[in-house]
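> Sequence:
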Amino acid sequence: MAKRLRLPLRCDCGRATFIWIWAAQIFTAGGSTGGGRTRPTKGARALNSLLTGTKRIYGETLILLKLLATLNFASLRRLLRVNSLFEKKLIVQNFSNMRDMFFHVDMTVATGEPLPLVAAPQAIPDKFTFRQKVFDTAEWVDARSLTAIVVLKDAKLVHEAYFRGTSPDDLRISWSMAKSLLSAAIGVAVREKKITNLDAQIVDFVPSLKQSAYNGVTIKNVLQMASGVYFNEDYLDYNSDINRMGRVLALGGSMDEFAASLKNRDWEPGSRTHYVSIDTHVLGMVLRATTGQSADEYVAKKILEPMKLEANPYYLTDGFGVAFVLGGMNMCTRDYARFGLMFAQNGMLNGQQIVPKSWIKASSAASAPPPIEELDGTDDGTLGYGYQWWVAPNPRAGEFFAHGIYGQFIYVNQSQNVVIATNAADLDFTEGDGRVTLEHIAFFREIADRLK
Numbered sequence: 001m002a003k004r005l006r007l008p009l010r011c012d013c014g015r016a017t018f019i020w021i022w023a024a025q026i027f028t029a030g031g032s033t034g035g036g037r038t039r040p041t042k043g044a045r046a047l048n049s050l051l052t053g054t055k056r057i058y059g060e061t062l063i064l065l066k067l068l069a070t071l072n073f074a075s076l077r078r079l080l081r082v083n084s085l086f087e088k089k090l091i092v093q094n095f096s097n098m099r100d101m102f103f104h105v106d107m108t109v110a111t112g113e114p115l116p117l118v119a120a121p122q123a124i125p126d127k128f129t130f131r132q133k134v135f136d137t138a139e140w141v142d143a144r145s146l147t148a149i150v151v152l153k154d155a156k157l158v159h160e161a162y163f164r165g166t167s168p169d170d171l172r173i174s175w176s177m178a179k180s181l182l183s184a185a186i187g188v189a190v191r192e193k194k195i196t197n198l199d200a201q202i203v204d205f206v207p208s209l210k211q212s213a214y215n216g217v218t219i220k221n222v223l224q225m226a227s228g229v230y231f232n233e234d235y236l237d238y239n240s241d242i243n244r245m246g247r248v249l250a251l252g253g254s255m256d257e258f259a260a261s262l263k264n265r266d267w268e269p270g271s272r273t274h275y276v277s278i279d280t281h282v283l284g285m286v287l288r289a290t291t292g293q294s295a296d297e298y299v300a301k302k303i304l305e306p307m308k309l310e311a312n313p314y315y316l317t318d319g320f321g322v323a324f325v326l327g328g329m330n331m332c333t334r335d336y337a338r339f340g341l342m343f344a345q346n347g348m349l350n351g352q353q354i355v356p357k358s359w360i361k362a363s364s365a366a367s368a369p370p371p372i373e374e375l376d377g378t379d380d381g382t383l384g385y386g387y388q389w390w391v392a393p394n395p396r397a398g399e400f401f402a403h404g405i406y407g408q409f410i411y412v413n414q415s416q417n418v419v420i421a422t423n424a425a426d427l428d429f430t431e432g433d434g435r436v437t438l439e440h441i442a443f444f445r446e447i448a449d450r451l452k
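Just so you know, we're using the numbering used here here: the sequence shown kicks off at 1 and counts up by one.
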């Protein structure tokens with residue numbers, strides 16, 4: 001029997017997580033630390049200490065309800081908005097306005113002179129084929145709830161379109177595409193010799209993890225999602241790790257402390273690849289420890305500033321201002337395409353070698369250990385994984401992609417010199433055990449083949 005893919009989308013927080021995130025916002029009025037950061041009040045952190053357990057759902061609910069009763073009308077409006085984050089009628093607007101709801105840190109990197117994307121318009125195919133089925137492009141774009149698509153060929157802007165009332169200026173949530181951005185920053189840290197050995201133990205740099213399941217895990221293990229750490233990402237289980245993480249984020253808690261609380265393993269480190277979102281946060285902990293800078297500061301200085309973006313992005317953060325590097329970047333779609341272009345050009349952009357060429361090669365190679373096939377196999381083959389980048393089954397030369405839930409993609413095809421960035425708000429993205437992901441790849445390949 002063919003193995004099926006359980007999509008690499010468990011990285012992103014679902015409805016329950018963000019309701020908890022919203023709860024912290026209620027108690028942060030005036031809780032700014034300056035520099036574009038929002039932080040929780042002491043009340044939020046006190047509430048966090050009450051709600052970190054996993055078996056007090058009824059007591060916690062009563063506490064939360066009593067606190068909600070004290071809210072003013074403006075806060076209630078925010079509750080309604082976050083509670084409806086994934087509502088079909090509002091999801092598009094919400095995905096372009098995450099800063100209005102959650103902790104965040106602004107990143108001032110745009111200079112007003114962005115990297116030019118010279119227009120050279122070409123039509124994209126009106127049809128494409130996947131698994132012997134012909135799809136009408138316009139109908140498929142609508143069905144998949146795309147909000148934006150930017151296509152680059154030979155570094156020129158050949159196609160750009162925005163849907164569902166969105167505009168080129170919208171800063172759209174990356175979800176797990178942010179993982180690939182963090183990987184690029186790790187590559188720069190390697191070049192700068194801040195990190196000298198990918199086989200070094202995580203705990204050598206982050207001793208706070210010595211009592212956790214990350215003791216014995218290497219930097220390379222987490223880059224390849226091969227830590228072996230047990231992490232339950234069942235959104236419907238109140239006691240799951242993903243929902244515990246949501247409560248930590250929501251109540252002004254620390255993601256670092258949450259990572260340290262993980263004690264169990266499924267497999268020996270490096271023996272299998274299995275997608276565990278918190279691995280990327282741990283990678284961010286290593287980056288902070290080795291560079292002496294926050295992840296957002298390092299990413300801004302080393303990656304985003306030299307890229308010459310056209311708009312200032314922002315990260316969502318935990319309650320202590322730590323960037324939510326596993327899924328919290330917000331950028332305009334053109335800038336996501338610029339990031340893809342930098343990878344398509346082997347780390348070179350604006351005449352600068354922003355990321356080492358060797359790191360681009362390593363990141364985009366399906367070098368990770370064999371996956372857990374019952375979770376990560378598909379009817380079309382097995383998805384490969386590099387350093388926080390995905391590789392399609394039966395890949396073309398130089399083809400890889402960054403990927404986030406609800407239809408976020410940065411597709412890179414070096415051999416055909418094509419980059420495609422899409423954003424979407426697709427509530428049905430997980431249907432078909434991987435089918436929708438592979439539909440996107442088929443669509444992107446058809447575009448690449450048709451462009452001149």
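Any given hint might turn out to be false.
What the hints assert, rightly or not - Per label pair, the in silico range of CB-to-CB distance: (1) Ser261 to Lys357: 33 to 43 Å; (2) Lys210 to Lys89: 41 to 51 Å; (3) Val134 to Asp169: 39 to 49 Å; (4) Arg396 to Leu198: 22 to 32 Å; (5) Ser271 to Val118: 16 to 26 Å.
As the list claims (entries may be wrong) - Under the rule of at most 16 Å between Cα atoms (straight-line distance), these lysine to aspartate or glutamate pairs were calculated in the EDC-like manner: (6) Lys88 to Asp169; (7) Lys302 to Glu192; (8) Lys357 to Asp256; (9) Lys210 to Glu139; (10) Lys127 to Asp428; (11) Lys220 to Glu268; (12) Lys301 to Glu446; (13) Lys210 to Glu257; (14) Lys88 to Asp428; (15) Lys301 to Asp142; (16) Lys127 to Glu139.
In short, the hints are calculated from the structure, not lab data.
Values in this document were obtained by computation on a predicted structure and should not be read as measured data.
We put the beta carbon where it would ideally sit given N, CA and C, even for glycine.
> Now tell me, hint by hint, if it's right for this structure.
Results for each hint:
no. : hint                         : result
1   : Ser261 to Lys357: 33 to 43 Å : 39 Å, holds
2   : Lys210 to Lys89: 41 to 51 Å  : 48 Å, holds
3   : Val134 to Asp169: 39 to 49 Å : 35 Å, violated
4   : Arg396 to Leu198: 22 to 32 Å : 27 Å, holds
5   : Ser271 to Val118: 16 to 26 Å : 47 Å, violated
6   : Lys88 to Asp169              : 22 Å, violated
7   : Lys302 to Glu192             : 11 Å, holds
8   : Lys357 to Asp256             : 31 Å, violated
9   : Lys210 to Glu139             : 52 Å, violated
10  : Lys127 to Asp428             : 21 Å, violated
11  : Lys220 to Glu268             : 14 Å, holds
12  : Lys301 to Glu446             : 36 Å, violated
13  : Lys210 to Glu257             : 12 Å, holds
14  : Lys88 to Asp428              : 11 Å, holds
15  : Lys301 to Asp142             : 37 Å, violated
16  : Lys127 to Glu139             : 9 Å, holds
Checked against the numbered hints given earlier, this structure breaks hints 3, 5, 6, 8, 9, 10, 12 and 15; the rest are met.
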